[in-house]
Amino acid sequence: MTAYIWDLDGTLLDSYAVIVKGAKAAAEEAGLHDTEDEVLKGVKGESVTAYLRNASAHAGIPFEQMKERYRFFAHSLDDKITLIDGAAETLERLRCEGAEHFVYTHRGASSRPILSRLGILDCFRDIVTAEMKFKPKPSGEGVKYLLEKYGLDPADTWYVGDRAVDMYCAKDAGVNALLYLEPDPVVTPTGVEDRIVRSLREI
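Residue 187 in my numbering sits at position 187 of the sequence shown; the count goes up by one each step and never skips.
Simulated from the structure, these hints should not be mistaken for laboratory data.
C-beta: ideal position from N, C-alpha, C; glycine also.
Treat the hints loosely; a few may be bogus.
Distance windows between CB atoms, simulated [claimed, not checked]:
#1 109 with 82: 15 to 21 angstroms
#2 98 with 53: 40 to 46 angstroms
#3 135 with 191: 19 to 25 angstroms
#4 60 with 151: 46 to 52 angstroms
Here are the simulated lysine-lysine pairs, DSS-like style, with alpha carbons at most 30 angstroms apart [unchecked claim]:
#5 133 with 21
#6 67 with 171
#7 133 with 171
#8 21 with 41
#9 135 with 41
#10 67 with 21
#11 67 with 80
#12 149 with 135
#13 133 with 41
#14 41 with 80
#15 171 with 41
#16 67 with 41
#17 135 with 171
#18 133 with 144
#19 171 with 144
#20 133 with 67
#21 135 with 80
#22 171 with 149
#23 149 with 133
#24 80 with 133
#25 80 with 21
#26 144 with 41
#27 67 with 144
#28 21 with 135
#29 67 with 135
The whole structure should be built from the sequences, with the hints applied where relevant.
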């Protein structure tokens, strides 16, 4: 049985516009004035946490304060998040072919409500979020948890993501790495990918 473990933001969820607006608003409130392109490169090239840590250091405020303000601004826009083109039909097609779906994401408590609103929550056998406090990517700890809990075969398991950190996470967990490269990507392939697609429909 093939298993797909999915990242959410930028992979199944078209959410970077919301993430960037939230991070930019938090940074601006602290007196920083990065452009949206600069914020996008920071959050997607590395991670939201890394961008916020850097911004809080430059602004001279506690990281936790910056993170809470980001959450406030970003979560107020959660209803603007949509699905990546082809996400729902790809999940359903793969499920009809006998695959099982899981989620491993750095997103927290908002994950299930968003997936429910978008009509794909029932596609997943299990969803691992930041609430479970696993080591963050590139650690594969969260993926390993799913492998062990459900007896998944690493050789027939794919972690699907849109960033370099997702690919390194897959390799740390010993599963196949599938990179989704959106049109005009900020991210470049790492060289560790087992497969690269430009559309989810290619999976």
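Comparing the hints with the structure gives:
{"no.": "1", "hint": "109 with 82: 15 to 21 angstroms", "verdict": "holds (20 angstroms)"}
{"no.": "2", "hint": "98 with 53: 40 to 46 angstroms", "verdict": "holds (42 angstroms)"}
{"no.": "3", "hint": "135 with 191: 19 to 25 angstroms", "verdict": "holds (23 angstroms)"}
{"no.": "4", "hint": "60 with 151: 46 to 52 angstroms", "verdict": "holds (49 angstroms)"}
{"no.": "5", "hint": "133 with 21", "verdict": "holds (25 angstroms)"}
{"no.": "6", "hint": "67 with 171", "verdict": "holds (28 angstroms)"}
{"no.": "7", "hint": "133 with 171", "verdict": "holds (20 angstroms)"}
{"no.": "8", "hint": "21 with 41", "verdict": "holds (13 angstroms)"}
{"no.": "9", "hint": "135 with 41", "verdict": "holds (23 angstroms)"}
{"no.": "10", "hint": "67 with 21", "verdict": "holds (13 angstroms)"}
{"no.": "11", "hint": "67 with 80", "verdict": "holds (20 angstroms)"}
{"no.": "12", "hint": "149 with 135", "verdict": "holds (17 angstroms)"}
{"no.": "13", "hint": "133 with 41", "verdict": "holds (25 angstroms)"}
{"no.": "14", "hint": "41 with 80", "verdict": "holds (21 angstroms)"}
{"no.": "15", "hint": "171 with 41", "verdict": "holds (23 angstroms)"}
{"no.": "16", "hint": "67 with 41", "verdict": "holds (18 angstroms)"}
{"no.": "17", "hint": "135 with 171", "verdict": "holds (15 angstroms)"}
{"no.": "18", "hint": "133 with 144", "verdict": "holds (14 angstroms)"}
{"no.": "19", "hint": "171 with 144", "verdict": "holds (11 angstroms)"}
{"no.": "20", "hint": "133 with 67", "verdict": "holds (16 angstroms)"}
{"no.": "21", "hint": "135 with 80", "verdict": "holds (29 angstroms)"}
{"no.": "22", "hint": "171 with 149", "verdict": "holds (19 angstroms)"}
{"no.": "23", "hint": "149 with 133", "verdict": "holds (16 angstroms)"}
{"no.": "24", "hint": "80 with 133", "verdict": "holds (27 angstroms)"}
{"no.": "25", "hint": "80 with 21", "verdict": "holds (11 angstroms)"}
{"no.": "26", "hint": "144 with 41", "verdict": "holds (28 angstroms)"}
{"no.": "27", "hint": "67 with 144", "verdict": "holds (27 angstroms)"}
{"no.": "28", "hint": "21 with 135", "verdict": "holds (26 angstroms)"}
{"no.": "29", "hint": "67 with 135", "verdict": "holds (18 angstroms)"}
In summary, this structure violates none of the numbered hints.
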